[in-house]
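Protein chains in written order, with the numbering used here: chain A, 1 to 202; chain B, 203 to 667.
Accuracy of the hints is not assured; some may be wrong.
[Claimed, not checked] Here are the simulated DMTMM-like cross-link-like pairs (lysine to aspartate or glutamate), alpha carbons at most 20 Å apart as the crow flies:
hint, chain 1, residue 1, chain 2, residue 2
1, B, LYS350, A, GLU77
2, B, LYS350, A, ASP141
3, B, LYS261, B, GLU274
4, B, LYS621, B, GLU543
5, B, LYS261, B, ASP250
6, B, LYS535, B, ASP250
[Stated by the list, open to error] Computed list of chain A residues with no C-beta within reach of chain B, every gap over 12 Å:
hint, residue
7, ASP4
8, HIS25
9, TRP27
10, ARG28
11, MET70
12, LEU95
13, ALA113
14, LEU188
Just so you know, the hints here were simulated from the structure itself, not pulled from any lab data.
All residues carry an ideal CB built from backbone N, CA and C; glycine is no exception.
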Amino acid sequence: MVLDIVSWVAVVLIFVSATAILISHDWRISLGALAVMYLAAFWLVTRHLPFAMSTVKLITGWMVVAILGMTRLGLGETTQEDTFFPRGIWFRITLMGIVALVSIGAAPRIEDAIPGLGLPVIIGGLLLIGGGVAHLGITSDLLRVTLGLLTVLAGFEIIYAAVESAILVTGLLALVNLGLGILGSYLLVAGSIPLESEEDEA
Amino acid sequence: MNAPILWIGLPFAVGLFILFFMRNRFAAWLGGTIAAILALIALIFPIDTALLVASVSIKISPAIQFFGRSFELNTADGPLLAMIYGLAAFWFFGTEASKTESRFVALGLMIVALLTASIAVEPFLYAALLLEVAAMLVVPLLVPHYQKAGRGVVRFIIYQTLAMPFILFSGWMLAGVEASPGDLGTTIQAGTMLGLGFAFLFAVFPLYNWIPMLMEEAPPYATGFLLWVLPTFTAIFAFGFLDRYAWLRSTPSIADAILFAGVFMVASGGIFAALQRHLGRILGFAAIAETGLLLLVMSLRTSEFTTIAFLTLIPRGLELTVWALALSIIKRKAYTLRFSEVQGLARKYPVAVAAILLAHLSMTGFPLLAGFPSRLALWQGLAVESLTISFWVFVGLLGLLVAAVRTLAVFVMTSSETKWEWNETWTQTIMLVIGMLGLFLLGVFPQAMQPFIASLPTLFEHLGQ
Chain A
1 MVLDIVSWVA VVLIFVSATA ILISHDWRIS LGALAVMYLA AFWLVTRHLP
51 FAMSTVKLIT GWMVVAILGM TRLGLGETTQ EDTFFPRGIW FRITLMGIVA
101 LVSIGAAPRI EDAIPGLGLP VIIGGLLLIG GGVAHLGITS DLLRVTLGLL
151 TVLAGFEIIY AAVESAILVT GLLALVNLGL GILGSYLLVA GSIPLESEED
201 EA
Chain B
203 MNAPILWIGL PFAVGLFILF FMRNRFAAWL GGTIAAILAL IALIFPIDTA
253 LLVASVSIKI SPAIQFFGRS FELNTADGPL LAMIYGLAAF WFFGTEASKT
303 ESRFVALGLM IVALLTASIA VEPFLYAALL LEVAAMLVVP LLVPHYQKAG
353 RGVVRFIIYQ TLAMPFILFS GWMLAGVEAS PGDLGTTIQA GTMLGLGFAF
403 LFAVFPLYNW IPMLMEEAPP YATGFLLWVL PTFTAIFAFG FLDRYAWLRS
453 TPSIADAILF AGVFMVASGG IFAALQRHLG RILGFAAIAE TGLLLLVMSL
503 RTSEFTTIAF LTLIPRGLEL TVWALALSII KRKAYTLRFS EVQGLARKYP
553 VAVAAILLAH LSMTGFPLLA GFPSRLALWQ GLAVESLTIS FWVFVGLLGL
603 LVAAVRTLAV FVMTSSETKW EWNETWTQTI MLVIGMLGLF LLGVFPQAMQ
653 PFIASLPTLF EHLGQ
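Hey, can you work out the whole structure from these sequences and the hints?
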């Protein structure tokens with residue numbers, strides 16, 4: 001009973017953090033929300049995976065947050081902003097509301113198709129996948145694209161942990177998450193380093 | 203000796219070594235030599251068979267355990283490894299000629315090693331994860347540290363990342379379909395998931411918009427490598443799915459879906475190529491059309507399925523290498539690669555221009571060139587299935603031919619008084635000439651591929667039966 005309550009709290013945290021990532025213009029808030037999201041996802045993953053393996057996902061997630069945070073901090077304040085896509089907060093909140101409604105509506109059918117997953121796990125996973133896809137659809141900013149991809153992956157990992165518990169998969173998924181974090185950092189930094197010839201480097 | 207260590211661990215370690223400790227010229231030679239040696243070993247020494255060399259008995263054991271899962275390369279994988287590492291060697295030797303950064307060789311070796319791991323891993327659907335890691339390693343090649351990332355690379359990484367969850371989840375669902383084949387709902391869900399996953403991986407219409415974008419914003423040699431390496435391994439991965447799951451092979455609607463995806467790619471790739479005014483974008487659309495041809499081969503219900511597929515894959519590697527190398531050389535003179543900038547370059551870069559045109563014509567399926575035998579075999583298969591499909595494939599290939607003629611016209615568009623020059627270096631000339639000879643050799647003597655092609659179908663037990 002207590003475990004179920006905590007799981008539902010984790011789902012609420014996931015909804016709040018995914019919405020914060022989607023609507024916030026401040027990268028600090030976005031990365032903070034990502035860290036909270038990984039904590040909530042960690043709890044949902046522990047429902048099906050052993051604690052040690054779930055911890056790998058939490059630590060990896062927080063490492064990614066640290067990598068992105070340090071990179072973004074080093075870049076200082078930039079004015080890069082999407083101009084083409086809708087930027088209104090209410091548009092994004094509505095978008096997340098639609099994702100939440102679809103997730104809640106689809107969850108019982110998925111529970112019927114894959115018995116034993118548990119409604120909190122399904123809803124939490126779908127919220128993140130939907131939130132991430134919505135995010136990817138409305139941005140072209142590099143940090144935001146990275147956040148969107150990490151969100152989608154976190155949602156997928158919550159659901160996939162219930163059906164696959166191989167150590168190799170957990171390890172490779174951690175590698176993919178870390179890789180996306182490093183890649184996001186690289187792409188953020190690329191272009192800000194002056195061009196040096198081979199002779200200069202020597 | 204252990205096969206996964208030899209063909210996965212060793213190139214990965216050498217890649218790391220080059221990345222941290224080596225510079226341009228030596229990196230290209232070391233990477234190319236290592237890849238060539240690995241190709242030769244794969245060709246000469248059968249895996250899991252004891253050989254007596256002088257008084258020493260040598261046996262390459264096939265499997266290794268890693269985190270509780272097996273990585274396995276069998277005897278049947280030998281020709282495939284020889285093909286992959288042979289073509290990779292050509293790419294790496296070409297690095298110096300194309301003046302690409304040394305990390306191309308380092309990351310290229312690591313990418314090929316990871317993709318080889320994707321063939322070896324058991325259960326095979328974990329390959330989706332390795333494909334994703336390899337795709338991430340490609341990105342630093344596409345975006346040099348001094349250049350801002352463009353939209354193409356962002357879309358590329360988004361599509362590759364979205365493919366992975368679809369494939370992994372569909373793999374899990376497919377096991378359920380195998381257990382209860384009568385469950386139509388699960389079958390449709392699994393098929394849809396798998397289709398979406400491969401649509402992202404193969405960059406099926408309309409998900410290929412990142413390819414022409416990348417060809418404009420990224421170095422052509424690195425992008426060409428990406429357009430060779432990822433679709434090749436994705437195709438092998440897809441063959442694995444078709445081989446393992448009988449219902450995927452026997453469901454007509456799945457074959458039709460693959461067929462129509464292929465036709466769309468060939469027709470749209472060819473037509474769009476004919477309309478371009480940018481040499482890089484033309485290459486991009488030609489590669490899209492070629493991937494479409496691969497999909498068409500996959501949809502054929504013929505016993506020659508795997509033979510035609512590998513007959514398409516081997517020349518594709520050579521065509522893209524030659525084309526991308528020649529474009530890299532031209533790009534140093536005409537940075538944007540637009541038609542307006544490359545006018546008349548045939549008299550200044552004759553070898554590079556000839557290489558571009560030959561590679562292009564080979565992709566079109568021009569007689570006497572490497573692409574011709576596979577196109578001929580494909581036409582025979584398609585003509586039996588549907589004349590409408592054959593017509594649209596013809597339209598696509600005609601579009602590629604029009605693009606080739608337009609490219610030729612632009613290259614020779616100069617006054618007759620302009621003097622002939624030879625601005626390619628010796629290394630560039632030698633690499634391009636070897637590539638062009640290879641294109642002719644595979645076109646005139648396609649039986650040269652026979653040692654590979656004869657044994658490659660044994661990789662897949664059930665395909666083509």
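Are any of the numbered hints broken by this structure? If so, which, sorted upward?
6, 13 and 14
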